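Based on the hints, put chain B in the right spot on chain A.
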Amino acid sequence: MRVEYINPFVEAAFNVLKEVLQADIRRGELYLKSTTMPVLGVAALVGLAGDVEGRVMFDMSKTTALAVASAMNGEQLSNFDELVKATITELANMITAQAVTKLHDLGFRFDLTPPALFTGDNMEVSDHEVEALIVPMETPQGKIEINVAIRERV
Amino acid sequence: MSEQELQVQENKNGGEVKQERILKIDFKMVTFSLAGKDYGIDIMNVKEIAKANRFTYVPNTAAFVRGVYNLRGEIIPVIDFRIFFHLPAEQKEEDAMENLLIIRKDEQIYGIIVDSIDKVVGVSSEQIQPPHPIFGDINIRYIKGVVEHQGRLYIILDVNRIFAQEEERKRTSIEAEGMPLYTPPVMEGASPARGENREGPNQAVPLEVNFIKETLFALKHFATTAINEKWVLARYEEWKKERQTSDAVQLKDLDDAEAFLKPFYSPYTDQFWGDDYAAAVRSLLPDMPGKTITVWNPGCGKGFETFSFACILRERYPEHRIKIWASDSDLLAISSAPTMAFEYEVFPEYCRPFLVKGKYGYGFNQVIKDAILFEYHDIRNNNPYVDLDIIVARDILSFMSPEEQSKILSDFDEKLKASGLLLIGSHEELPAEEWQFIGKAPVALYSKAK
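Heads up: the protein sequence lines correspond to chains A and B, in order.
Just so you know, the working numbering puts 248 at position 118 of the first sequence, and the rest follows in order with no gaps.
Just so you know, the working numbering puts 208 at position 207 of the second sequence, and the rest follows in order with no gaps.
Treat each hint with caution, since some may be false.
[Said to hold, decoys possible] Label-pair ranges, simulated between beta-carbon atoms:
no.: 1; chain 1: A; residue 1: Thr166; chain 2: B; residue 2: Ser337; range: 28 to 34 Å
no.: 2; chain 1: B; residue 1: Lys360; chain 2: A; residue 2: Gln152; range: 36 to 42 Å
no.: 3; chain 1: A; residue 1: Met253; chain 2: B; residue 2: Asp27; range: 29 to 35 Å
Hint data in this document are derived by calculation from the structure and do not stem from the laboratory.
Remember, predicted model here, so these are calculated numbers, not experimental data.
Note that the Cβ used here is the ideal one computed from N, Cα and C, for glycine as well.
Chain A with its partners taken away, still in its complex shape:
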C-alpha cells in the first residue's frame, strides 16, 4: 500500500472516533498481514475503487459495537438490532469518507461503495491477492481494527 495513503486513513479514524465517542483514542502499532484473519464479531466493509482497487474493513467485537452505538446514539443499547447495525455502518462510512476526502486533497481519486455489515461468530477474512494494513484503535468502548487492503490499479 502506498505510504501516502496510510496517514489519511489513520488520521480520519482518529478524528472521527474522537468526535463521536467524545473520549481518548489511542492508536496501536501498524502492521501488515497477508493470511486469513479472524473477525472480532462485527465487521463493516467499504469497497474502494478509482486509483486503487480493494476495500477497507472496520472490525470490532459485538460488545464494542453495542458500546459504540450506545455512545453515538446517546442511549444505552443492549440488543444488537437494526439501530445498532445502522449506527456502525454509518461510522464506517464517516471514517472512509473523511479519509477519501483527505486523499482527494493530496491528488488521489478514490471512490467508495456503500458499506456492508457482517455479524456472526467464528468468521474469518482472507486476502490472498492483496496485502492488508491493520491499524488498531483503542477506545474506552473496546478495540476497533481498521483493516485496509488495497493495491494500485495497474
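Showing chain B alone in chain A's frame:
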C-alpha cells in the same frame, strides 16, 4: 499450592511495610545435569525416567544417536544429549547403566541420555527469563529460557525445537561435516571412546563456524545459505585473525554480530549511490525493448537507492517511460522517502540534473517523483507486481530465513520478464542454473539463464 515471598518495602515516610507476593507455580520441569550444568525440560513433555544400558546400535546414523531401546515393547530412538550438544561426556564402561529421560513429542517417543537426573522443580512462568546469546555452548535456538530456583540456575530446553523434523536433517549434515559417526565398541580389547572427536582440534573449526552462523541468524536475522556462504566463510577466516584468542572468536552480543557483518553491505548502503558505482551500474545496463521500463525495488529503506537508480535510468533511457515500485516493511524509513530534501552538495553529480529547489532544500523534480511509487509492504506477503524488467534487491535475500529466500527467489523468477534483470548485493551470488551473471564486481547484476 503457592510460594510466598516476603518483600520488605520502604514507603514514602521511611517506615517499613511488609508485602507478600504470591507466585503461582504454573510451570513444572524435570531437572537434570549435562556436563556439570543444570537443565530442565517441561514436565508435560516427559513421559518417564529410566535407567538402561543395552542399546541396539543402528548403523549409519548421526553420532549422537546411540541406537534404539526396547521400552516395555516399544522401540524408541535413544539420543545422547551430551554428544548432541558437543559437551564432554563421562566415559562409562560398556555395560554401565545410563540415565534416560523418556520424552514424548507429538506421537513419537525418544529416550535421552543425560549425566544425572535430579528432581521435579516447580516455578512461576513469570520468573523464566529469555536466553542470552552468551550461552555459546548450546545453540540458543534450543533454549526456551532460564530460571533460578533455590540458588541454582536451570536452562530450560525447548524439546519441540530440538526434535523438529527439519532440525534433525540439518544436524545430521553438521555432524557429517566434522565428527565421525558413532561406532559400537569392539568386543575384544579396549573399547574406543564413544563419540569423542577423533581428529582433535581441527574439528573445532566447522563447529565454530556453525555457531557463528546460528548467532548471526538469532541476532541479525542473517541466514547463511548458498547465496552468501562464500562470503561468510571468507569473512570467518579474516575474523579469526582479527580475534586472536579462540574465546573471542564467538559472537557474544549484538555489537559483535554487527562488527562481523559490517563488510557485507553493498557499497553506498543507506545513502545515494556514489558517481563511481552509478557509472558502473549504468555501463552494465543493456538496451531495453518496448516503451516502458518497470522496476521493483524491495527493501528500499529511506529511498536513497530508489532515487539513485531512477536518475540512472532516466538518463540511460531517455525515450522510455520509467515506473519504479519501491517497497519496505519499515514504515518509519519509507514514510519520509517521497519528500526527501537535502543541501545541493549532498547529491552526487548524476542526480543534480534532476533537482529542484524547495522550501526545505533541494529535492527531486516531478519527473523523477512521478516515476516512483513508495509502498509499505512486507516482501513475504503477496504483491501485485508482474512483468518486471528490473528488480533491485541489494542485501535483502540474506536477511530472510532460508525458506523465505527460496520462495522470494522463485517469486523474482516468476515476476521478471524473460529478458529481465536482477541486481543483488555485492557479496551475494545466485545459482548458475537459473541465473546468468552479467555484472562486474561490485555490481552483482544477473539475467535469467537461457
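Verification of the hints:
Remark: the range hint 28 to 34 Å for Thr166 of chain A to Ser337 of chain B is upheld by a beta-carbon distance near 33 Å. In this structure, Lys360 of chain B and Gln152 of chain A meet the distance hint of 36 to 42 Å, their C-beta atoms being roughly 37 Å apart. Taking the beta carbon of each, Met253 of chain A and Asp27 of chain B are about 32 Å apart, inside 29 to 35 Å as hinted.
In summary, this structure violates none of the numbered hints.
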